[in-house]
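From first to last, the protein sequence lines are chains U and L.
According to UniProt numbering, the stretch in the first sequence is residues 1 to 676, in order.
According to UniProt numbering, the stretch in the second sequence is residues 1 to 676, in order.
The set of hints was computed from the structure by calculation and includes no laboratory data.
What you were told as hints is all true, and nothing was included just to trick you.
If chains are identical, the list can't say which one is meant, so a pair holds when it fits in one copy or spans any two.
Distance condition first, Cα-Cα at most 20 Å in a straight line; then the derived PhoX-like pairs of lysine-lysine:
id, residue 1, residue 2
1, K239, K289
2, K308, K116
3, K239, K308
4, K308, K289
5, K605, K254
6, K150, K254
7, K498, K552
8, K144, K167
9, K498, K536
10, K146, K254
11, K412, K269
Spelled out from the first residue to the last, the chains are:
Number of protein chains: 2
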Amino acid sequence: MLRTYRVARASGLSGLRGGIPTAPRGTRQLFTKPPQHPAKPKTKSLELRRPDQVRQLSGKPLPRTQSTLLNFGYRTAAWFGSSIAFVGLGFVAFFLYDASTYSSHATNQGDIAISKLALNPRRGGPKNLPILEIFLDDDDDEEKKKHKDKPRLVILGGGWGSVALLKELNPDNYHVTVISPANYFLFTPMLPSATVGTLELKSLVEPIRNIINRVKGHYVRATAEDVDFSSRLVEVSQKDPRGNEVRFYVPYDKLVIAVGSTTNPHGVKGLENCHFLKDINDARQIRNKIIQNLELSCLPTTSDEERKRLLSFVVCGGGPTGVEFAAELFDLLNEDLTLHFPRLLRNEISVHLIQSRDHILNTYDEAVSKYAEDRFSRDQVDVLVNSRVAEVRPESILFTQTGPDGKTTVTKELPMGFCLWSTGVAQAEFCKRISRQLGPAQTNHHALETDTHLRLNGTPLSDVYAIGDCATVQNNVADHIITFVRNLAWKHGQDPEKLELHFSDWRTVAQQVKKRFPQAAAHLKRLDKLFEEYDKDQNGTLDFGELRELLKQIDNKLTSLPATAQRAHQQGQYLAHKFNKLARAAPGLKANEISEGDLDAAVYKAFEYRHLGSLAYIGNSAVFDWGDGWNFSGGLWAVYAWRSIYFTQSVSLRTRVLMAMDWAKRALFGRDLMSF
Amino acid sequence: MLRTYRVARASGLSGLRGGIPTAPRGTRQLFTKPPQHPAKPKTKSLELRRPDQVRQLSGKPLPRTQSTLLNFGYRTAAWFGSSIAFVGLGFVAFFLYDASTYSSHATNQGDIAISKLALNPRRGGPKNLPILEIFLDDDDDEEKKKHKDKPRLVILGGGWGSVALLKELNPDNYHVTVISPANYFLFTPMLPSATVGTLELKSLVEPIRNIINRVKGHYVRATAEDVDFSSRLVEVSQKDPRGNEVRFYVPYDKLVIAVGSTTNPHGVKGLENCHFLKDINDARQIRNKIIQNLELSCLPTTSDEERKRLLSFVVCGGGPTGVEFAAELFDLLNEDLTLHFPRLLRNEISVHLIQSRDHILNTYDEAVSKYAEDRFSRDQVDVLVNSRVAEVRPESILFTQTGPDGKTTVTKELPMGFCLWSTGVAQAEFCKRISRQLGPAQTNHHALETDTHLRLNGTPLSDVYAIGDCATVQNNVADHIITFVRNLAWKHGQDPEKLELHFSDWRTVAQQVKKRFPQAAAHLKRLDKLFEEYDKDQNGTLDFGELRELLKQIDNKLTSLPATAQRAHQQGQYLAHKFNKLARAAPGLKANEISEGDLDAAVYKAFEYRHLGSLAYIGNSAVFDWGDGWNFSGGLWAVYAWRSIYFTQSVSLRTRVLMAMDWAKRALFGRDLMSF
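Chain U on its own, in the form it takes in the complex:
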C-alpha cells in the first residue's frame, strides 16, 4: 500500500489522487488476473514491477513517504477531495434537474370542454343568487372528472383544522371545496418569529391550492357569510374587480366550519392604536413599525423623551404568543440592533409585558412559567403581572395593577411607541350569525357548540361539523356518568334517585370519569375538597342531585378545550378519518337503505382530545410542558428541540426547506433591519 502511494506521487499525481481508492486499485486490475487465493505472490510481483516503471519515468530516488503525518495528510486530502467531488456531483445533478423544470414552449391546449353551468351558473336558493354547482376545472382532467359526482364536502376556512382534514382525507371519496378569504395556510405558531425577520413570511405559508391538489379539490377565494341549513347552501361574498360585493351560493352535502376566531378586545378602548398578530400582514406591519421606530429614534429632531417613548415596546397578554413575541423582539434588539444602530438606542429600549393573571404562561406548568419569568427578568423584559389594560392611547397605555395583597389597585400610565394586543380569542361574526340562526341549540356565546362527534348542535345530523377555534365540544360528562351511575344503582337493586354516595363511592365514580374523559383529570385532583364542597347538607354523603351538580360543574370546565393549533389539528384529523370511514360504509348503508340515524356514531368513535404538550420560545431558550407535571426548560439545546418539533409539524416539504434556509440565513447574515 505504501508503495502504491509512492507510485502515484512519483508519476506526478498529487496526494489527492493517491487517496481515491478506485484509481490505483483499478490500475492494479489491469496488471493481474483476479487471484484465486489470498494473493501473496501476486502482490509481491506488483511490488517489484511498480518501482521499475516509475524509475523509467524519473531517475531521481523515490521520496520517503512512510511518515505517519504525511500519510495522514494524504488520506485527509483524499477524503476531502472525494467528498468535494461528491458535493460537486450533487450540484451538477441539481442543475440538470433545474434545467428540466423550465417548459420553454407555450402550453397550447386547444379547446377545453367546459360545462355551460360552470360559465353561467343557474340562480336559486332563498336569495336567488348564483349557485356554484359546477366548477371551471371540474372537467380539466380524468381525475377531476371522476370526482364530479362524489358527495360535496365544503370546508370553510384554511387553517389548522382544515389542513389537517385535507391531509388525511382519502382522495377518492369526496368532491372537496375549500372556501377562505386567504389563499394560503399560515403556520401560526411561528408567526412571532416572522415579525422580527428570524423567519421569512413566505416560509410560514403554504398555498391552499398546493394542499388541495392531493384530494383534487377546489378553492374559492371568498368569505363565508351565512349558511342555509335546510337547502344545504353556503352563502359567500367576494369583492368584484370594481370593489363591489357580490354574493353566491356553494352547495354542500357535508359542511365543515373551521373559520377560526378573531382577536378578543375585552372591551378595552383604543385598540386601533394596537397591532395584532393573527395573520401574515400583521406580522409585516409589526416588522415595519419596529424598524420605523428605530429609524425615527436616530433623527436629530427626535427629543430624548420622544426617543424613550418610541423605544418602549408593550405586549398585552402573557400567553404563548405574547411571550414569544417579547422574546423574539428581545433577540432582535439584543443580537442585531447594536450592530447597525447607535449604541444609545440599546440603552433606551424597554420591553414590557402586561399580564392580567399573576403569572405569564399561566396555562403552563408553574415551573415553566417561573422559568420564563426568571429568564425575562434576567433579560430585562419588564413583566407586569396582575395588570389589566384600561385604555390604549396613541402614545401611552393605561393599566391598573393589583397589589400583592390582591386588593389595592393602582392605575399606571406607560408611554409606548408600539403595542401588541394578544389577549385571547373571540367569536367571528360569521359564527355569531350561525349561532343566532340556530337559536336554542346554541347557548354558548364564545364558540359554536358541537356534540362529541363534532357535529354542530341544532343542524341535521351528519351534515354540518365545526372544528378549531370557532367551536367547542359539549362533552356531557354529567349525562354519561349519570347514566353509568344509574345503571350501577339498578344493578344493585337501588333507586338511583335515592342513591347516597360515600367518599369511597365517589372515588370510584371519579376514577370512571378520569378513564372516559382524560381531560377531566385535571379537575379531579382534590377529590376530598370537591366532595366537601358539593356535600351541601354536610351529611357525609353525596345524593344524586349533588353528584349531578358536581359533574355538571366539571363538564362546564371541560367544554372549553384550549383554542390551540393542536386541538384544531386533532379535530381535523378526526373528521378526515371519520369521513373516510363514512365513505367506505356508504355502499353498505345504501344497499340497506339506511340514510337516517346516527351514522357518525355507528361508524366511528367520539372525538377525544389528547394534550400532547405545550411549548414556547423565550429568548434563546425554550420551555416544554407535556402536562401532568412533565416539563422541562433549557437554553440553546431546547431552542433546537423547539425548532425540530415545529420543523416536523410543518405543513409541507416546501415550508420545511424554507424554514431551514431561514434559520441558516439568520446564522449567516443576522436579521434584516429593513422595512418595506
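Chain U is already provided as a structure; the job is to place chain L on it using the hints.
Chain L only, in chain U's frame:
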C-alpha cells in the same frame, strides 16, 4: 489491499467502513514500526499475519471478493459513505457555528458618552433648522471617533451610484453620511423576477446600514428637499411619529447627488390605473394584483367577457424592464398557473407589449431585438410596435398605432385587467428644484448637468457631484476638438477661423474624436454622410463654423448616457477612486496652501463611460449585446449565463446566497401563487 478489504469484511465491518482509508491503515500502524526502507519484507509479514488473525475470529473460509463488480461496488459505497460523512460534518460544523451566533446575555453597556450636540442639535442655516453636526453614534467606538473630524461626505440616495461609491471608498478618509428615504439598496435589474415570485423581494435588497459599515458611515432615513450650496447644508425632511413633517439640515464638505429618477408619465392621462416597477413595494403590489385577477377569474360571478379582461395583461414600454416583466409573467402563467388553476384560465390569458418604436429592445443590436420579437411571437406574447398610449382607463387602454407606411394611424382600445407602465425616466422633484436654483448653469430639463469630472455645473468646484440617473455628463467634445484643431492650425501657421477641412482632414479629426471620446464612435460611423450633410455650402470642404456645428451635434447626442445601473455604478466607482486620491493628496495640498483651483482635474482623469454590454431575460432565454455588433442570444444556457452575471454583480454575499436559494426554491417548489 485486497487483503485489507477481506479483513474488514470478515470482522463484520461493511464495505462502507472498508472504504474509509484511515481505519484499516491506522490499525496497521499499530503492528509495525514505520519502516526505514521501502517495506517489502514488512508488507510480506503483514500479509502473513493478517489472515491468521482473521481466521482466529471466524473459522469459515474467506469469501472471494476478487470480482471486479464487487470491488467496484465496495469502492462506490466507500466513496459514497465518506462523502456523506463529509457532508454530515459540514452540517455539524454549521450547527456549531449557528450556536455561536446567539448572544444569550443582554448586552449591558453601562453609560454611553454622547455629545450634547447630538442630543440637542443647534439651530442655524437660512431657515434656522436643527443642524445634524454630531451623530448619536459618533462616539460609539474608537473607529467612529477617528472619523469625527474627517471631511464630511454626504451622499443623497442609496442606489447603484451611491453603493458603488461606498464599496470602493477608502474607509479612513471621510465622515460618510447616506441620506435616503429607503433604508435598503435595491438590485433593480432583478426586479421583474421578483414580481412573479421567481425571486423573493428580500433577496434583491441589502440594508444600507450593512453597506456603510465598511466605511463606518452613518445613515439618515429622510428625503432630501433642497441644498444651500453657499453654507453647504442639505435640507432634509422626515415625518415625525405623529405624521407631521419635520425638517433639518445635514452639513457637508462634499456632496454627492444620486437620487435617481421617477417614472416618465409622457403626458398620458390615467396613469393612476397603472402599476409601476421602480421599487420593492411596486413589485409586491404587482404580484398581489396578478394573483387577485387570477382568483377573481375563478369566481362563478365573473362573466366570460370580464374573465378575458381580467386576464389581459398589458405592458407599456418595450425597454428591458417591460420586456423582462412580460417574459417573467409569461413564465409564471406558463409554468405554474396551470398546475393549480383551472385550465380555462391559461387559454383566456393574453399578454400585450405596447412599444412606441418599431422594435422592442430598440437600444440593443437589431439581431437581439429581432430574436426577442421572434421568441415573444412564438410564446404568444402580443407585441404591438409603433403604438403610442393615448390614455389608460380603469378597464382598458387606448393607443394609436401607426401603419407600416408610417402615416396612417388607427386608434385602438384594448380591454385590460393589469397595466404596467415602464416607459423611461423623468427628473425627480428634488433635482428640478436644484436645477431652478442654479439657474443658467443648468439648461437641461431632463437631468442635472455635470462636467466630465461629474461636478454639478454652477456649484463651487469640488463641492457637489451628481451621478446616476439624475445626472447627465456634458462631454464638450466640440470644445475639446476645436481646441485641438485650433492648435493644429496654429502649428501649421494657419488662421483657424479660415481653416478649410477636406474629407481626408475630416477623417483625421474624426479619428481624434473617436480616440478621446469612445462613446462618440457610434455616431461617427458614416463619415462621408456627415461630411456631406454639414458641408452646407457644398464646396467640398468643411470650414471652421461647419466643423463646430457638426461636433456640437455629436456632443448633444453624447450627453445622454443611458440611464442604466451600469452607468451609475461606473460613476460611483469613479467618484470613490477620485475621493481616495483627493484624500491622499490632501496633506500635500495643505502644506502648499492650495485650496482653490481645479483639484479634481489635478489629481484624477475625467470620467469616461465604458459600455460593457446589455442583457435581457426573455422567457427561458436571454439576449446579450456587448456593443459594436457583438451579441448573442440563446435558450437555457443563456439564462444560466444571465443569472451568473447578475449573481456576480450582486451587492453582497448575503444577496448572492439568497438569490441562489431562491432559484433552487423555484426549481423545487415552483413560484408561490399567494398574495398578501
